[in-house]
Every structure is written in C-alpha cells, then in structure tokens.
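Knowing the structure of chain A, use the given hints to seat chain B on it.
So you can see what is in the structure, the chains are spelled out below.
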Amino acid sequence: MSVLAGSMPVLTRMVAARLDSSLQGARVGLSGHDEATSVLAEVLEGSGAVVVELDAAEIAVETGPGATAGAPPALVSTTASTASAFAHADFPVVACHAAECVRLAVRSQGRRIVQDALRLTNRRMPGTRCAVTGYGEVARSIAAAVTALGGTVAVIDPEPVEALTALLDGHTLAGSPGDMVFASDGRHFDHAGLGTGSLLVDADGSPRPVGREVRPGVWELGSGYVVTPRPTRSFDEADLVLSVAALALVHLVTERPGPGVTALPEAVDAAVAAMVVEVLR
Amino acid sequence: MSQIGRGMIDFAAASMPALRAATERVRAGGRLDGLRIGVALTLEPKTACLVEAIASLGAEVAVLGSSNSTKQAVADALAERGIAVFAEAGAPPERVLDLKHAYIDTHPHLIADDGAGTIRRIHTERTDALEHLRGAAEETTSGVRPLRVMEAEGALRIPCVAVNDARTKLLFDNVYGTGQSVVMAVLDTTGRSFTGRTVVVVGYGKVGSGIARAAAAMGARVVVTEVDPVAALVAHHDGFRVAPLADALTEAELVITASGIGHSLTADDLLAMNDGAVVAVGGAGPPEFDPTIGPAVTWGAELRPGLRELSVEGGPTVQVVAGGYCANTSAGEGNPIEIMDLSLALQLRALDHLAASDLPPGVHMLPKEIDDEVAASQLAAVGITIDSPTDAQRRAAASW
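Protein chains in written order, with the working numbering: chain A, 1 to 281; chain B, 1 to 400.
So here's chain A without its partners, still in its complex pose (with noise of 0.2 Å):
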C-alpha cells in the first residue's frame, strides 16, 4: 500500500473494509493520473478487481474531474459536466456530483485556490482585497477562505439573486476588482480590468494572452499578472470524493441499473458521511 495511504483513512480503511467479492475480476479503468488515484487503484485490486486501461476497461470511474472520453460499457461520474455529457448514454451512468459527500469536497475547493495562489505569489492574504466573479459554489467557497485569512470580497458581474447572497453574506458589490481576482465557475474575466501590479487567479483555465514568465507560474497579463492554481486537490478532497466512486461502483456493480444516468442511492451518501465522521470525530 502507498505511504500516503494513511492520508486518506476513509478509503484505505473503512470503504476497502467494505468491499467484499462482488469486484472480484472486474475491469475498472481510472480516469485520473493523481497520487489519490493511485490509492484507489490499490484499494481495488485489494479487494479483486483489476485495474486496466480506461479502453480496455468494463467500468471506467471518473476520479478527477472531466477526463472520462468516449463511450465506456459502463461508468461511474463524480462530475455534472460528465453527467450531462453522458445523459443519453446507452450504456449505465452511476452519477455521483450530487452527492453531499462530493458537494462537501467541492466547497473545500476555495481554500485550496486560496491556498495555491498565495504559495505561486508569496503573497498576503490578510488585508487583501479580493474580487470574485459571479458566486456561484467555488466563488461562495473562495470568497469564505479570503474572508477568513483577513481578506475582503467585491463580487463581481453576479446574477441577481447571486447578488443579494453576496450582500447578505457581508461582501460588497465590485467597483473596482482590487488586489486579487479569483475568476471561477466558468465566469469570464475582462483582464483589461485589472489594476497594476493585480493579480488574476484563473481557476478557470481560460487561454489568456499571457507575457513574460516574472517568477515560477507568474505571468504577466496586461499591466497586472495572472497565476494558474494546479488541479491537485487535497487527500482529504479526494478521500471523500473517491469513497463516493468506490461505492457507487460496487452500486454499478451489484444492482446492474439500465442504460442512462441514475443518481447515487442516497444510503450510500449517507454511509460514506458516517465513516468520515468517523475519522474526525
């Protein structure tokens, strides 16, 4: 078993405990390249089945986000995008993104953005101002992680009723994008707004018209820079979003559900949040 085993308790300990013959010679591909990746494969083969290619694969398991292409015999998604991609599937689709389990490690996304673009710029939080667009889920998450290291919030571009959360939640509406904008959700930000010496933080991935490299993953953009966070998540991010995968395929495997996208059970959200409380107890 890996070394950071350990880092994901849920998985390695009480999901593997649950893993009983039903995987037994299953073919799982797994979309994701990640050290949590590579704790699950363990976990799998520990329990029987054998991880192969995802095109050689009889269920592939979306284990980070988007990277399930093609059309696999059958599938467990842990993201909405895949979901809605597979919708028409004429194969099985065990969803998994609405799940409270996965919901709960997509709201500890802010604090990682947070967290990465401080370390890309050796800069201060407290006493930042910060920016968000829109607030939708990962800016809300965002917006909560700059408040608390001492930061302030303008939202920017935010529907109405995003608007009003945002006010209610004690954040202004932008006049000005300030020191730092977080760019999420898929919002576009105009760099042409951002001020001298600002810094954009693209969690989108959206291709900018980027300068100079000024110090290792800084780049210039316009009179301001922008950083990348990279993708990796937490272990603890992935402990709970792979234990939803591990036992949604179980699901996939044992109740052979037809063709199309059928939710997580909620029994088995409801299992996996009481071995996580288990651990943190």
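It is worth saying that the hints were derived from the structure and are not from the lab.
Incorrect hints may appear among the rest.
Some chain B residues flagged as far from chain A (calculated, every beta-carbon gap over 10 Å) [as the list claims (entries may be wrong)]: (1) ALA55; (2) ALA152; (3) ALA217; (4) PRO287; (5) ILE337; (6) GLU373.
The following residues of chain A were derived to be distant from chain B, with all beta-carbon distances above 12 Å [what the hints assert, rightly or not]: (7) ARG18; (8) GLU45; (9) SER84; (10) ASP90; (11) LEU104; (12) ALA145; (13) THR147; (14) LEU168; (15) GLY186; (16) VAL210; (17) GLU213; (18) ALA238; (19) ASP239; (20) ARG256.
Coverage of chain A stretches by chain B, computed from C-beta distances (three or more under 8 Å per stretch; other residues unrestricted) [claimed, not checked]: (21) 116 to 126; (22) 170 to 178.
Where a beta carbon is used, it is the ideal one built from N, C-alpha and C, also for glycine.
Just chain B now, with coordinates in the frame of chain A:
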C-alpha cells in the same frame, strides 16, 4: 538559476512600498554610505530587496544565509550583482561554520541579525570583530530574548536595536506573516486539508496566535497549549480550546510548535500521538522540536519533498515537516512579501538609527516615530487615510 532568482527579487520589490520609502529616507541622511554592513536574515527574495537597497545607499554588503532556508537562485542573483554572499543551500555543518567565520571576517560596522546568532558568536569566539562593530539590529523574538539575558549579565558590548519589538514588526510579521506562511507551508508540504482536523498549536504568543487563527481559517479545530496563564486565558477568549500538551496530542492530526523556546516538543511528547500525525515547527529552529529527549527515534522515508517519517521507539511513526526546521522558511518562501515590506523597512531604519545615534551598549527599542513612519508609508501605498487627533483630544490626552 540566477535569472529565476532575479525575477523573484524584482517581483517582490514591486510590492514593497515601505522599503522603497525607507530607502529614500535613509538616502537623504547619507549615513550608510561607505559602511560595511552584514545581513544575516533568511536569504530569500524579500531579504534580497533589503540587501540591494542597502547596497544602493553606498554601503558594502555581506550576506550570510543558513543551509536549510537559503534560496540558492536568490543567492546567485545577489552574487551576480557583486554582493558578498556567504550562503550555500544544503551545505554540510563544517562548511556552514566556515561561511559564518568568513562573513564575520568582513568586519562589518553594522549587522542585521536573525536569532542573534552572529551577535553571540562575536561575543564569544570572535571578539576581534567587536573592534569595528558599532551595533546590530535584531529581527526576531528568539534573538531578542538572549540579548536581554546578555544585557542583564553585563555581557552585551554593543548597542542592539530590537527591531522585533517594534509594533509595525511584532503585530504584523509575527502574527499575520508567520500565521499565514507556516499554515500554508504545512498544507502545501503535506497535501492535506485542515478541514475538520484537530491542529494543536504549542504556545500562544504572537506567532502562536497567528498560526491558530490561520489554521482555524482553513477549517481546523484548534487546541492551544501554554505554560503562561495570561497567554492561555487570551487563547480561551479568542475561542480556542486550551489543554495540556499530553492530552491535546492524543487527538492531534497535526501539531505546530510556536514557542520560540528549545525542547518545547520532544520524543517523549510524541509518544502520545497517533501514527501518521504531522509535526511542524513555526517558532524557532532546532531544538524547539527536540527528538533527542526521550525514547530513541529513527528517521525514515521521505514521503513527499519536505515531509519525512520519524519512528519513535515504542510509539508512533509521525511525519515531520522540513526536518524540524521552521516550516515557513524551510518548506516555503518565508513570510508574505507585503508583511516583510514592513519588517525590512524597519531593519533599514534601525541600521540608519544605529549609524545616526551614539547608543550605549544594551537592547534599545526603535523610536516610536520611526515605527509610525514605516506603518504610515504602507498605509499611504494602499490608499488608506486616517485621522489626526483634534486639539480637544490632544488636551484630553495630556490632562489628568
């Protein structure tokens, strides 16, 4: 290599308005021109900005950096500009000692010290350097403490300015700077989240309170341990649980020391921890975390860069960040740029103050007006204006 270092120095310099203002202020006095000045601070991009500011004032600068925290690309970039650099990342102990002596051999008139390492060495084995040395500016809590002991024992032979104790240093660098940088370095190094995890903070001084606050901001349940009743009571009022170390460690996912005092966490203490728990240091380097006291320990595999296993005989195998050196400087880039802007502006003003005043040997505070001026220069740069007291308020403040 040096090009990357140059890029990092220039990027930092652009966000250091207080240091720029201090440089121009000191330039007007012209007192550093022609002096030999030693700088022994964590050698990273912000310190390099101070070094280049001092060099721009006509001083001859020598730089000492430690083997564990020196950013080699930055050291190279400074050397390329003709600065005398005595720093090699990863150098073995005997080489480090040679570098320290070579640095002192430059016979500086003034030094900026960190942890009072050079000051103490000069007062013991290198008293020859006292001949030229006019004074020192000390950066940290863990350096001011021994200087006060030396002063009390009559051993201190030069004036030292406690830059650390200036409000614009202590209230920002130690609290917000170290809080953010230590917590982020631990998160980056371990790849974990703090969300829902129990993080034990050993010591609740300025640094400990900043670490506790930043850890809580990242979702941790923080437990504080203290030996000082007043500090413990403050932690309690700040909303943190306070418990004895031995109890707190039994449930810790992570422990971060912030005491600034040697032997605050030992192998004996580790016996209470769980397998896989993380140990990090946020206060001072060894021996703040001291695995030599207690049962035998064995260093094991490097799990990720900067994270190594440590097995305690008859106890757990824990994961140690940066080998027990300060996590923020050894597993990260040190405190944030805008925070070091304040600290290093104060350092420059302290060196100038030493050159301008004929201070007697002892530990001296930086004058309040210099402290205020540095704070005001950053306020101005971020576009914040404040009030002046009215005449009525001035009279009220002066009355009894």
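Evaluated hints:
For B:ALA55, the requirement that its beta carbon stay farther than 10 Å from each beta carbon of chain A is met, with the minimum near 21 Å. No Cβ of chain A comes within 10 Å of the Cβ of B:ALA152; the nearest lies about 35 Å off, and the non-interface call holds. Chain A draws B:ALA217 into its interface by the beta-carbon criterion, the shortest separation being 4 Å against a cut-off of 10 Å. Distance check on B:PRO287: its Cβ is at least 27 Å (rounded) from any Cβ of chain A, clearing the 10 Å threshold; non-interface status holds.
For B:ILE337, the non-interface assignment is contradicted: its Cβ lies about 5 Å from the closest Cβ of chain A, within the 10 Å cut-off. Every CB of chain A is more than 10 Å from the CB of B:GLU373 (nearest about 19 Å), matching its label as outside the interface. Against chain B, the non-interface label of A:ARG18 holds: every CB pair exceeds 12 Å, the least being about 21 Å. With a closest Cβ-Cβ approach of about 21 Å to chain B, A:GLU45 is found to remain outside the 12 Å limit, as its non-interface label requires.
The claim that A:SER84 lies off the interface holds: its Cβ sits roughly 28 Å from the closest Cβ of chain B, which is beyond the 12 Å cut-off. The claim that A:ASP90 is not at the interface with chain B holds, since no C-beta of that chain comes within 12 Å of its own (minimum 39 Å). Chain B draws A:LEU104 into its interface by the beta-carbon criterion, the shortest separation being 9 Å against a cut-off of 12 Å. Residue-level check failed: A:ALA145 sits 7 Å from the nearest beta carbon of chain B, not beyond 12 Å.
Not every CB of chain B is more than 12 Å from the CB of A:THR147 (nearest about 9 Å), against its label as outside the interface. At roughly 21 Å, the least C-beta separation between A:LEU168 and chain B is larger than 12 Å, which holds for a residue marked as non-interface. The beta carbon of A:GLY186 is kept farther than 12 Å from every beta carbon of chain B, the shortest such distance being approximately 24 Å. Residue-level check passed: A:VAL210 sits 14 Å from the nearest beta carbon of chain B, beyond 12 Å.
A beta-carbon of chain B is positioned within 12 Å of the beta-carbon of A:GLU213; the least distance is around 8 Å. Against the 12 Å criterion, A:ALA238 falls within the reach of chain B, whose nearest CB is about 9 Å from its own CB. A beta-carbon of chain B is positioned within 12 Å of the beta-carbon of A:ASP239; the least distance is around 9 Å. Residue-level check passed: A:ARG256 sits 35 Å from the nearest beta carbon of chain B, beyond 12 Å.
A stretch counts as covered by a chain when three or more of its residues have a beta carbon under 8 Å from one of that chain; for the stretch 116 to 126 of chain A and chain B the count is 8, and the coverage holds. With 0 residues carrying a beta carbon less than 8 Å from a beta carbon of chain B, the stretch 170 to 178 of chain A misses the three-residue requirement, and the given coverage is violated.
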